[in-house]
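Please model the entire structure based on the sequences and the hints provided.
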Amino acid sequence: MAAPSPPHHPVLKPVVTVLFAGMLGASWWLDRHPFGTQVADEATHAEALERFGFALREVSAARGIAFTHHAPRLDPLIRNVEPHVAGMGAAISVADADGDGRPDLYATNSDFDRPNALFVQQPDGSFRDLAAQAGVADLNRRGEGVSMGSIWADIDNDGDEDLFVHKWGYAQLLRNERVPTGELRFTDVTAGAGLRRWMNSNGASWIDYDRDGLVDLYVAGYFPERFDLWDLRGETRIMHDSFEFATNGGHNVLWRNLGPGPDGQPRFEDVTARTHCDSTRWTLAVAAADFDGDGWLDLYLANDYGPEEFFRNVEGQRFELASVGLSEDSKSGMSVALGDTRNAGAVDVYVTNISKALYLFQGNNLRVNRLAERAGFENVAREGVIADCGWAWGSQFGDLNNDGWQDLAVVNGFISADREADYWYDMSLIGGAAGDLFEDTRNWADIGDKSLSGYERSRILLSQQGRRFVDVAGAVGCDDVYDGRSVALADLRGRGALDLVIANQKGPLLVYENDVDPGRDWVSFALTGTASNRSALGASVTLEWTAADAAGGAPAARVQTRVVDGGSGFCSQNERALHFGLGHGASVQRAVVRWPSGHAQVLQAPAVRTRHAVTEDAP
Amino acid sequence: MNGPTSASPAAVAASVPRRRFSLPALPAKYYSVTLITLILVVGQWQGGIVGGWEILATCLGLSLGLELLLGRLLRGAWPSLLSAYISGNSVAILTKPSGEMLWPYAAGALISIASKYVLTYRGRHLWNPTNLSFSVLLLLAPNTMSLLSHQWGNGVATWAVLGVGCLVVWRAKVLPITLAYVVAFALLSWPRSLLTGRDWLTEVAPLTGPMYMLLIFFMLTDPRTVVRSTRGKVLTVVLIALLEALIRLLPQTGLRVLDPLLAAPPIFALFAIGPVAMWLDLRRQAREQAAAPRA
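These protein sequences, in sequence, are chains A and B. Our numbering puts the first residue of the first sequence at 7, with every later residue one more than the last. Our numbering puts the first residue of the second sequence at 23, with every later residue one more than the last.
It is possible that some hints are incorrect.
For each label pair, taking beta carbons as the anchor points, the in silico distance ranges come out as [stated by the list, open to error]:
(1) A:T253 <-> B:W181: 17 to 23 Å
(2) A:R324 <-> B:S102: 52 to 58 Å
(3) B:T59 <-> A:R388: 38 to 44 Å
(4) B:T59 <-> A:A560: 42 to 48 Å
Everything labelled a hint here was simulated from the structure, so no lab data went into it. From the three backbone atoms N, C-alpha and C, an ideal C-beta is built for every residue, glycine too.
Spelled out as structure tokens, the structure:
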């Protein structure tokens with residue numbers, strides 16, 4: 007240190023003091039005027055339609071849907087953390103169960119003797135719960151476990167959609183029987199298919215990883231499979247061994263579909279070890295797509311208390327855990343949504359996480375796919391509403407206002423109980439503690455009737471031409487504060503508009519019908535595989551079109567890719583048909599379908615405002 | 023947090039009696055620098071604790087730059103940068119803002135360093151610089167600011183940091199402060215456990231997290247912001263632990279207006295007690311100095 011020089015000029019310290027105060031003031035101001043966080047003002051339905059090009063209306067009661075989810079009641083040994091542990095299970099999937107061309111809805115329940123619901127859409131747009139008569143209601147039985155989510159696929163390529171329900175307990179595969187009378191009927195083929203295995207699963211996806219035309223099944227384990235959460239036999243060390251890099255979760259399993267056996271029953275074999283795609287990182291969400299464009303479907307996992315994982319498919323022989331910029335970014339991944347956010351023809355990923363003012367800002371991840379540039383996935387959700395959606399769960403991409411850009415629906419909120427009692431402080435006691443303490447539920451404070459990030463409003467994030475997002479949920483009419491878990495998108499009534507279906511934990515199933523500016527064009531594609539699996543799960547459509555730009559200028563060329571998901575978001579599955587909003591005055595040049603078989607099919611100038619039924623033309 | 027900078031390196035080295043086991047005869051402040059660097063490296067390696075290199079560059083660049091600027095302008099000398107290095111690293115490690123915004127890191131670094139030149143009494147700063155910046159940012163920017171809540175798991179590296187940390191505070195002759203705080207926290211967890219109905223292990227669990235490592239090895243023991251006597255130091259950290267215990271009991275009182283304090287009880291307890299202790303000590307020191315010529 008140099009020797010001190012004479013005292014400084016007397017004005018310097020007051021100047022520095024003022025600057026110091028200015029820094030404090032600037033921090034206060036920036037906190038209240040954050041960059042990128044834009045929330046639209048409240049608006050009427052008509053105003054929202056005018057300002058944003060769409061508006062939502064909750065219509066579940068009007069459409070005949072009355073369903074409330076019930077959470078599991080677990081071993082009294084973990085009663086102190088039961089609301090936390092049992093905070094999942096409300097799930098929704100969309101499929102045309104009865105083959106009438108209209109999307110139907112399957113909602114799960116999670117307490118014993120509480121039925122799941124299969125809402126089958128009627129010609130007038132109303133729904134009837136036919137789960138009981140179809141044999142898919144009574145799945146939550148003591149000793150068998152309870153439902154956590156469901157995914158649909160035509161597992162035997164016989165022309166109808168079969169149902170897989172993953173559970174805390176024994177998962178169930180329910181084959182859709184084609185009854186000549188048209189009656190819906192499902193048969194439990196789990197045991198014969200070789201799938202009867204106790205797992206505590208909160209995620210699953212279909213993936214034809216070996217391109218043999220039969221959908222294979224990837225099921226993610228959450229709690230280790232050795233635990234029966236209703237009978238823990240004195241074991242309380244059931245939680246994660248680290249808040250950041252937990253690896254003591256349940257095993258993930260890949261089952262290969264072998265096709266029907268001699269008795270006509272579906273058969274699956276466990277190929278996890280052979281294909282190297284296991285993980286014990288407490289996977290909560292999984293989605294399959296050809297992320298790297300090599301023609302083989304890859305797996306993307308969102309893991310709770312750990313980093314996301316990308317399993318690259320190596321020509322259908324095995325998977326390799328690829329180093330694509332995910333391994334050091336450890337959060338609490340709860341959802342994997344797939345969308346082409348930049349209209350770049352690539353499949354980007356959105357993973358939800360936890361944010362709570364003062365306590366924890368994990369931030370959601372919007373992973374832009376730069377695999378083609380050998381640059382991995384780049385998280386661009388650096389600030390604003392895209393990064394902070396509270397305690398976020400399910401999410402899905404879809405063009406909600408048909409402007410040609412993918413918007414995002416995010417549901418959130420964990421435990422809504424006593425509004426005056428908050429568990430976050432209690433959580434903070436154990437949240438940063440050593441793993442040995444964290445793992446044991448006895449060290450967790452009693453939640454009782456406290457809330458934990460409760461009463462959070464869902465987010466509807468409207469894309470501003472792929473550059474940023476604005477939360478318009480309140481303005482467009484999505485204003486409930488239930489504990490949202492799972493969201494699926496579907497054009498329920500074939501109007502060229504994506505509706506939202508939201509499953510809420512210990513809450514009602516909600517249907518938000520979407521009214522879209524009728525001046526905006528759209529097109530959709532319902533795919534049927536031939537060489538590929540008949541459900542076309544994993545297929546993608548890349549659309550090239552021109553439309554007037556937002557300012558009404560000369561038509562601009564655009565491109566966008568969408569994927570038929572075999573399960574995505576959190577415990578959800580969207581409608582099969584791929585919906586593209588196009589904007590005003592659109593003209594489609596061509597659509598390129600890339601089938602899971604590896605075959606590419608080009609459709610020239612498909613008409614707008616039309617749902618195109620496309621059958622794979624592979625030899 | 024600030025590194026040990028008050029004790030003369032030679033005096034510190036000379037004051038350490040010969041033992042069967044001894045560390046290399048380096049000034050204590052270099053051990054602190056080594057420790058914060060070790061925490062940074064291990065934390066980044068084990069858990070990506072910093073996040074990105076741009077964060078570290080922002081914190082270190084602004085801390086070091088402002089220290090140089092203000093030291094030269096206000097004190098007429100080029101200052102030692104060890105303290106600013108520790109502050110910059112501490113801000114980088116402990117700040118966990120919403121999204122990946124850089125401004126809270128920048129604000130934390132600037133407020134930390136500037137506070138040393140602005141909030142002074144008899145030429146000494148009263149608050150531990152990073153403790154002050156964390157406290158005011160948590161209160162002024164609650165929608166943006168949070169502190170480290172990472173957990174380092176049960177790995178060997180975590181225990182290595184703990185071991186090295188103990189060695190460093192022992193070498194810097196501030197181990198009694200660290201131990202006094204840990205013991206006080208653990209003991210006070212017992213009445214808290216009785217009053218809240220939570221297990222003692224639950225109440226004591228935060229001590230095992232990385233935030234507390236930074237607290238007990240740096241913030242509480244910062245020689246520029248602790249009182250002179252060992253007894254005074256111990257009393258101060260016991261009072262900090264006591265106030266922290268009271269903050270942790272706020273939910274039992276229903277005083278929701280004070281809920282923000284629950285986000286970082288030890289930070290706010292140090293923020294309140296530390297400068298009062300320093301002020302009293304400096305005033306007493308001044309009186310002693312004033313009385314000395316008359317004696």
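Hint check:
For the pair T253 of chain A and W181 of chain B, the beta carbons lie near 19 Å from each other, so the given range of 17 to 23 Å is met. As the Cβ distance of R324 of chain A to S102 of chain B is approximately 56 Å, the hint placing it in 52 to 58 Å holds. For the pair T59 of chain B and R388 of chain A, the beta carbons lie near 27 Å from each other, so the given range of 38 to 44 Å is not met. Between T59 of chain B and A560 of chain A the beta carbons are some 57 Å apart, a value that contradicts the proposed interval 42 to 48 Å.
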